[in-house]
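Engineer: Put chain B on the given structure of chain A with help from the hints.
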Amino acid sequence: MVLFLNSCISCDNYVEVEQPNSQLTRTAVFEEMSTANAAMAGLYAKMRNNGVLAGSGGASVYLGWYADEFDYYQASNSNFYNNTLFPAESTVTSIWNYSYRQIYEANAIIEGVTNSVLLPQAGRNQLKGEALFIRALLHLYLVNIYGDVPYVKTTDHLVNSKISRMSTASVYENSIADLEESNLLLPEAYVTPERVRPNRFAVQAVLARTYLYMGAYAKASNAASAVINSPLYIWETDLDKIFLKGSTTTIWQFMPNAAGMNANEGSSYIFPTGPPTLIGLRPDFIYTFEANDKRKARWTKAVTNGSSTWYHAFKYKQRTTTPSSVEYSVVLRLAEQYLIRAEAKAKQGDLTNAKADINVIRNTAGLPNTTAVTADDIVTEVLRQRRFELFTEFGQRFFDLKRSGLIDNVLSISKPGWNSTDKFWPIPELELNANPNLNPQNPGY
Amino acid sequence: MKIISLNKGLGALWYSLIFGLYLCCTPAQANKVLRQIQSPPQQIQISGTITDGTSPLPGVAISIKEKATTVTISDHNGQYRLTASPDDILVFVFMGFKTATVPINGQKTINIQLQEDITSLQEVRVNAGYYSVKESERTGSIAKITAKDIDKQPVSNILATMQGRMAGVDIVQDGGTAGGGFQIKIRGQNSLRADGNSPLYIIDGVLYSSETIGYSNTTTGMPTTTSPLSSINPSDVESIEVLKDADATAIYGSRGANGVVLITTKKGKAGKTKFSITSSTGVGKVTKFINLMNTEQYLAMRRSGFANDGIVNYPANAYDINGTWDQTRYTDWQKELLGGTARITDLQANVSGGSTQTQYLLSGTRRTETTVIPGDFAYRRTSVRFNMNHTSEDTKFKISFAGGYTIQDNKQPSTDLSRIARNLAPNAPALYDTDGNLNWKNNTFQNPLAPLKSFSTVKTKDLVANAILSYSILPNLEIKGNFGFTELNNDERKITPSTIVNPSLGITSANSSAHENATERQSLLFEPQLHWKKSFNNSTIDLLLGGTAQQQTTSRLFTQGVGFASNSLINNMASATTKYIWASDVTEYKYQAFFGRLNYNYRDKYIVNATGRRDGSSRFGPGKQFATFGAVGAAWLFTNESFLKDSKVLSFGKLRMSYGVTGNDQIGDYQFLNTYGSTALNYQGIVGLEPNRLFNPDFGWESSKKLEAALETGFMNDRLFLTVGWYKNRSSNQLVGIPVPGTTGFTSINANLDATVENKGIEVTLRTVNSSNNDFKWTTNFTISGSQNKLVSFPGLAGSTYANRYVIGESTNIIKVYQYTGVNPQTGLFEVADLNGDGLLTSAGDKQKTMNLSPKYFGGLQNQLQYKKWQLDFLLQFVKQQNYNYNPNVQGGGNLNQSSDMVNAWQQSGDVAPYQMNTSGTNSAAVNAYYRYVDSDAMIVDGSYIRLKNISLSYDLPLQHKGINCKLSLQGQNVLTFTPYKGGDPEFKNTGYLPPLRVLTAGVQLNF
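Sequence lines, in order, name chains A and B. Residue numbers for the first sequence follow our numbering, so the first one is 24 and each next one is one higher. Residue numbers for the second sequence follow our numbering, so the first one is 705 and each next one is one higher.
Treat the hints as calculated values from the structure; they're not laboratory data. By construction, the Cβ of each residue, glycine as well, lies at the ideal position given by its N, Cα and C atoms. Treat the hints with care, as some may be off.
[Stated by the list, open to error] If you only want the chain B side, here are some residues facing chain A, beta carbon under 8 Å, derived:
| no. | residue |
| --- | --- |
| 1 | A1020 |
| 2 | N1021 |
| 3 | D1289 |
| 4 | Q1329 |
| 5 | T1379 |
| 6 | L1398 |
| 7 | P1443 |
| 8 | S1547 |
| 9 | L1600 |
| 10 | S1604 |
| 11 | P1618 |
| 12 | T1626 |
[As the list claims (entries may be wrong)] So the derived label-pair ranges between C-beta atoms look like this:
| no. | chain 1 | residue 1 | chain 2 | residue 2 | range |
| --- | --- | --- | --- | --- | --- |
| 13 | A | S330 | B | N1271 | 30 to 38 Å |
| 14 | A | P391 | B | Q1001 | 56 to 64 Å |
| 15 | A | A320 | B | T1045 | 50 to 58 Å |
Next comes chain A alone, as it looks inside the complex (with noise of 0.2 Å):
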């Protein structure tokens, strides 16, 4: 009996153990620079490798075999490439899934640096502004995939669980506030050497497309100017320098998980033989490429077998690992914001200048300057060299046809299965399980 009371001894402590080795409570993340930065750092592996910005399997992919840009090669059919979308679909639910992930990581490193006590001011802006960023630009490519979405400002799961959609008009305010207030928080310098880490042009940039897809052309061409006008950001006449890691136009890039990798888009899009096994060009996009533009030669190549020929993307070069990482994930690019500006200035009745800056673009593609005269004319122009400037990266093209209503004209066409309805993807089937509130699913779903 002895025995057994003396094994009782110390009982209440007993079951308690120790925070394991592997994991840091919340608030110590916040308090120590290295470890908040690693916050920082795991979402953005995150945002790499999964999700809508993934140079494998996100919009760049989906929304490729989704619009008109990619063909689909594997056996079993694929409902993105047919337009056959269901509540249910695993994809649909991943990429909406991911995107909430991220979301929710970013407040949590927002209210993490806000609470802490320890972190200094000029650390706390950075991340918090590096933060709303990319909780803005999340944002921005779900309501542009989903429709009206939620916009998730807290990590408390208890308001997230009944959270409602809200307007596109009003996720796009609340984008801009983010970025306003980012815009602010974050340096116009980089805070790390290669461009990995987004600045207040980066913000910009955002900003920029933000107002452009809203049709607030003023500030989408102030916006645009003052990236363009950053002496950080040269423009490259050399088409195969546009994507390397030291690209002078590059605004934001992910770096790869290790030395010597290369940005996901190369290991995707590229195959040495034909056919395909699972992503190939349209025949038809590269048939439309206009006589000369020296984009088809160095952005795409064609593989053939003798009898077939079939077309990869091929702004990406590197299939796989090099001594040394060659190529890095480009999100934001000088490019786009020239397109951004050319477009908004025509529609501000700025003929001349939106003609100077799609001559930029025309030029450097080898093209003689534009033949376009009226405002409409160069709006057109502008749509047609984002599709063979921009293709490939991060669904433009999708976003671009919806925006100028023109997707039911182009992709009834060129698509068997397109319907109206087909603009938006439809609410996961999970989601709107678990929570209500995100009701009504969007239409033809």
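Structural biologist: Then chain B, alone, in the frame of chain A:
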């Protein structure tokens, strides 16, 4: 730091125990000296042979009445020799036979024939974990199988041996790949957490964690990650007891809610040294393939799909019909890829023996199983077990030691070819080209043999050891210490060399990758116990007090290497260009408890059994760690009442009831902390951190209230024995990962849910002895269990994230689906009902039809026949249930084969057809209709089956040499299946994985 202090703690307990024992032994030694002084009376030598009428009985314990406990044990030829005084009385005791009492009366030779006692099953002691109880006196619900049943089954997993043989125990195999796991549910699904329904496993008194030791990226060919349970070697097991009701499980407190599985290993028996060698070899095949389309039917489906969509020019990737592939070829891919024969060999050897005081058993087993998939894949298990029991001469001190070591080595492909075999177009090209190389048909064919170049090797080493020391301090008081130790080492590796893809794609070893999982788990257990038993004139009191201190440490290292200078370096993680560490952590689980049992038996008529336990678990946050559980059970043996005592018909009758509360802490470790952990992903040279979970510190024990009543009756000397049990379990304060919408950043949050789930059911077991004469013996065992699961209450269900998943009053194992109304003869599309009439088909609004996927009832019918030297044993297992039909894809969309039933597709307006129109996959309306169809009640079909689960025939070879016994046997598993289910084998949990195989083996056993 805590580890060290605990070790110290245990060490200190050791010293005190040894010291305590020393103190206790001192008076005992004194006693012994005193007894030896008494002069013995005149002794004579007595010898004889014991038989059962036909053959000698070895192992019969012989004692001298009122003088000595077991004096000797009969040898292999049934002979014994002892010394006693002429006026002594000898008592012969042997399990399964009536005890014989013979006065010596001066005889020197006493030959005796023991009478088989068919009622003796009531005398058998049943293991209830911390104590054992006579079958007749048990107040709880305990199911049992013994080595007799286990040894007849040619299976490698201990859970497989229980299938169909135990009432209320529902077991389904995850898949047919060797080394794979099983799902077990004892009396239904208590917890809403899919992974919170495992019972507690205890091997010889040592708690054995069944939590996975695997990593999903290393064993991709298996539906579930590696389970430690496959380390348990069935041939080492003497018996398995499953504790089901509150009376039996409450003593396990927080971990008893899902039942307790007690595994007792084989022990040595006193007598002559015995050697036994068993060798068997056999084959395994897939039980059943699905009927798929042939080339002609398939191509017709594909062509009509495009025709229906108005597509004339077949797209580039439609290789099957656009002229790239030969359209006259036909391959039965299921036969080609899964039609192989698995070879099974099993060799066991053991030696056992000992004296009345010390017995031992040493056994070794080696088993090999290959697979039905082409290639060099195999599962190997080697195990060694040693067991020793010793009792001091005065029988006061007892020690028992058991130790087992198992090595498993499993090499399996990282892709289960089942799905591919069903999907491949029947006119897909040949596997090999004319040069004998893998055929890729110019990049148009994903050769199904290529994925086999990627495979996993799983090497598991498992040590389980325990020692039980006990000492009787006083005649009625015993002190006992149970020490347990387990160490598990799991090393898994999956390699994915660049050669799994067509070499023309230019993928090099720079893209090769390897995953590795190194998991180690150690646990230490100490359970001191005090046992006091006192008999009075009319009653007996049995008291047990005990404590448990357990700590378990699991360390994991999940790594991945990508990019190797050469594929020959792929097994060397150090050679990888890029390395990821996906997990590197140490998890500690600590648990402590105090438990007790008080049993009162009045005249063997009325028995009351009370058990209780106070538990603490490190899995809960501060203030939530402790909880108390307990139960009361009672039994009335009404056949011991005077008015029934002499009944000729009713030989045994017992009514028992129990009620109590048990708990569940299966939530994983550290879930109450608000932390960040590593993402393993690198950015700017920094390994990223990520939040681990949505934070909720306020979750606590899940508890389960169990009520049971049962009637056990034996008729005609127990030749017919019927047990009918009824139970009702209610689990509340459910500990679940509540699903949350993705907008929260996560998919679930751990919390207690204010919901109550009820499982109630009836279990019937019937045993009949149809013939018991010496030449022909025949017994039948029948079990059937019916259960009903119901969500009793769930305040706030409508506003919760479960609103579209559960319905109050229905089972928690339902799925909500659309109601299928048929193929519209005009549009040719599958249609489902708009149940809420809003003109739209929405998941939340119209998936109102509920389908229950829990088995309605299940059971088994076992017959054991013995005619002279022949023995036949067979088990028919039956399950009444609904299951998912097979329908993998839109008919015609993609070059994927389909079930041959789908030739009956709608073709033109007015057709009444079971399947909708074919489509190339671009008809959105048809594709959406298809996805609604597979989410409708049409997909849930009768998945019931009756299966000849096991058959075993053996023959005792008559040999000239007396000392050798040779037995030949044929065994079969999953031999025959009767089912209306068309989607392949009806026993499956995961589509796309190998079903359980049909296994036939032949073996020989030698005993000498």
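Engineer: Return the numbers of the hints above that this structure violates; sort them in rising order.
Structural biologist: 10, 11
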